[in-house]
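Build the complex from these two chains, which are given one at a time in their own frames, with help from the hints.
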Amino acid sequence: MQEPTENNLNSSNKKKTFFDNNSNESIKSTNVEILEQENLFNLFEKYDFYGDLKFKSGLASLIAKNEKYKHINLSEDFNSFLLDKSNTDFILKAKGFYFSKFVQKNFNFEEYEKFKNLSENKHKEVTSLRHKENENSLLNKKSAIEKENKGEENVPLSFQQIADMLAKGETIPGIKQIPNVVNEAEPSNSVLKQHKKPWEK
Amino acid sequence: MFRTERFQGYAVEFSPFRENKLACATGANFGIVGNGRLWLLGLESNGLIVDRVYDTQDGLFDCAWSENHENQIVASSGDGSVKLYDVTLMDFPIRFWQEHTKEVLSVNWNLVRKDCFVSGSWDNQIKIWNPELPKSMRTFREHTQCIYNTIWSPYSADVFASCSGDQTLITWDTRIPRSSLTIYAHNNEVLACDWNKYRENVIATGSVDRSIKVWDLRRPDKAVLEFSGHQYAVRRVKFSPHSEFILASTSYDMSLKLWDTQKGGAIFDFGQHTEFVFGLDFSLFDPHLLVSCAWDETVRLINY
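Those protein sequence lines, which keep their order, are chains R and P. Each residue of the first sequence is one higher than the one before, counting from 1 in full-length UniProt numbering. Each residue of the second sequence is one higher than the one before, counting from 1 in full-length UniProt numbering.
Treat the hints as calculated values from the structure; they're not laboratory data. If a hint is listed, it holds; no wrong ones were tucked in.
In silico DMTMM-like pairs for lysine to aspartate or glutamate, Cα to Cα no more than 25 Å straight-line: (1) R:Lys114 - R:Asp89; (2) R:Lys124 - R:Asp164; (3) R:Lys122 - R:Glu110; (4) R:Lys93 - R:Glu38; (5) R:Lys197 - P:Asp173; (6) R:Lys176 - P:Asp51; (7) R:Lys196 - P:Glu19; (8) R:Lys46 - P:Asp260; (9) P:Lys222 - R:Asp84; (10) P:Lys102 - R:Asp164; (11) P:Lys222 - P:Asp173; (12) R:Lys124 - P:Asp296; (13) R:Lys122 - P:Asp79; (14) R:Lys114 - R:Glu45.
Next up, chain P with everything else stripped away, as it sits in the complex (with noise of 0.2 Å):
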């Protein structure tokens, strides 16, 4: 367990190129007001030990690495700024764009093509980046309530998904200024959306309706799969990069859960974090590693 003192966690990723580091985004004062800070974390034999932190002026959302360059890691914030840093520089980013009109809840980097990254606003617009221009590259506008997540496909360089407010689940192919596809998902704020690893057409949805539901593309009408177990909104859900069946899910009811989609029930309930969870991630390496992050300050490697 390591302390994030001070600032609470909104997101936590591990590095995809060394096995022992990870980032956390956080904001102060519970992301309402004040600053926020990117704590950079080495995974050492006795635990999380902090490398660097990044402090920003306003709160910090989401953060996502770079898949092709291992010292770079972009942050998103409360204030609309998308900041991009070099792990091995101090202090501040080396670049940072304001396009955004309002707070950035999601950046998430291209899997497939890797030079390019995503980012979802509560001012209902995406934009694609290339980490080398000064402007962002594209404009999706179709949501008309705040984005809460953006995700790309691993299987398509030009494919990604985005879940908000407005109750749906979108996908989008950056060559085609439309979206693809819209599908009505809960019938309440979708907060959290994410790819199957394994299977191309598969997406996971998460609602303050407080269930999981797993969608097939190929037939959008009505969700394969749902779970219900959380008794608050579910903030965040992935994929195992490991296995096809196993999803985590994280929720204001302070609880991160594991979710079997083939036998289709939870199976794993971690429940140490005392305030709302909102970070989790896999570990690519540890296939049985996780790491979550939550309003408690703190961030957790959890062994399952």
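Extracted from the complex, chain R is given alone in its bound form (with noise of 0.2 Å):
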């Protein structure tokens, strides 16, 4: 990453710059393709955008005008900002403006912002539900337990079927009880040598 000099951040300072929505000066996208949405995504993601002089110089502005940022020094505290995961938010959509004004006008932040989230969402609907399942697993297990020695024939239920039946807090059938023990007998010896592994061979 760059250092931002003396320079770039004092002319950042005097000019407008992309970030001002009433800017005159407008720089034309050379590179106004038709790609497919996610690929723009991608190439979002992979841009090097601290490579890109104008977009830090109009980050760096960009900090020094907003009150929340008062207290930082941008000549000494630059990159330490940019490394601080709380401003993570805050460059992302600097980022997505900047992507979508200057790199690839048919960017659009909000359908990037949509996408990623729903790879989140996917993810933490599949470890919240064991998450909150924790905190009342004895009283759940023990309840369903009993309810499993009825002997009701149950048929598989479905991931949201399982989510919904959770969430009324009703009991999950045919959960069956393993006794928490060892098996005595005598384990096996090892006989066969070992075989080398390919990256060793």
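Rendered as structure tokens:
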């Protein structure tokens, strides 16, 4: 990552930058191609923003203007500002604005955020039920086991059905009680020789 | 194809001793609530058959074959337990440990010294175990969020890597209580990591941000390579044991992909699963054979 120099910081403070919506300085993107949305998202994620001086100086002036970041001394703290995870959203928005204005005009930042959130939500959906389930696990499991003992025949449930049942506090049928014991029989002895791994040959 | 009926697959692993044996760790009800089952499968000329199953109280999220005993396999469970099975014995493990306080998402057997394994848990802790000992040998606490993967270096008996919901990849040396290196690998949870088998310092990571990154630990400030192409979170990554340039990944987008790190792109896309794909393994004996398992309750053999 390139150090922000006194020079580009000063010049960015004097001039109106790309972050000013009313800027007269309209730079036309020469590279507006019709790409599939997903390709655009990938391009956005791979774009070397910090190798782009115009972006860097614009971002610096944006930080300088923001009340929230008044305490930041840009000539010293710029790089640590970029690395600070709590600034990720701020920086991402700036990147989105810049990218759609100057790199790929048909890039839609809102759509990108939706796309990004889809992946996150999918994973959260999978793990949050498990996390939640832990909080009242003892209670749930006990009653589930009792129900199973009544010998009810159960059909496989879909993910959504399970999610709904857990949300309503219903017990999931068909959970067996497995004794928490070890097999006391004599364990086997190893007789096979170890193979060399393909990368060790 | 083999059906793990009523159980959704989280991990599948080939035996390092017998080329026609593999194991699949699964959970009922998508691993959210209910029992787990470890399936021991045999690869016959007409496909996969079940040799034996072990049922557990809670879902199983990972398994690892012993590297020095052909009949031993360890499985990790949602209730925090880690269980060691002797595949010649029925029904119950020969040993189990209840030390982790939350889901154990990862177990991995040491590839060099072969006498211990590592586990990683949603309790943010990493533990090192010797199968002969009643308690874990070491505990490492530095991750601040759920741990998803813990993988030994193929080159050093003491070095392993871990990745976590705290967005980092950490490398460790078991002789030292603190970590060796922390990489802020992604801007989202890191669900998968693996070591390149031919390059001692190269690790791949996969994240909820949908990307796969390849890192050189000697220059950890920036990823060497980045692959995008998965539409949802990447759940597992593994380097091929046969080629330094081949990397496989599974994702919530229901696909399994192979990537060429030399040419820099996807070279194979397996789309036959109909639900999230979790587990994946390369055969150690057949350079063109892969296996995968998924929430669609299938274990699939893939020729590439």
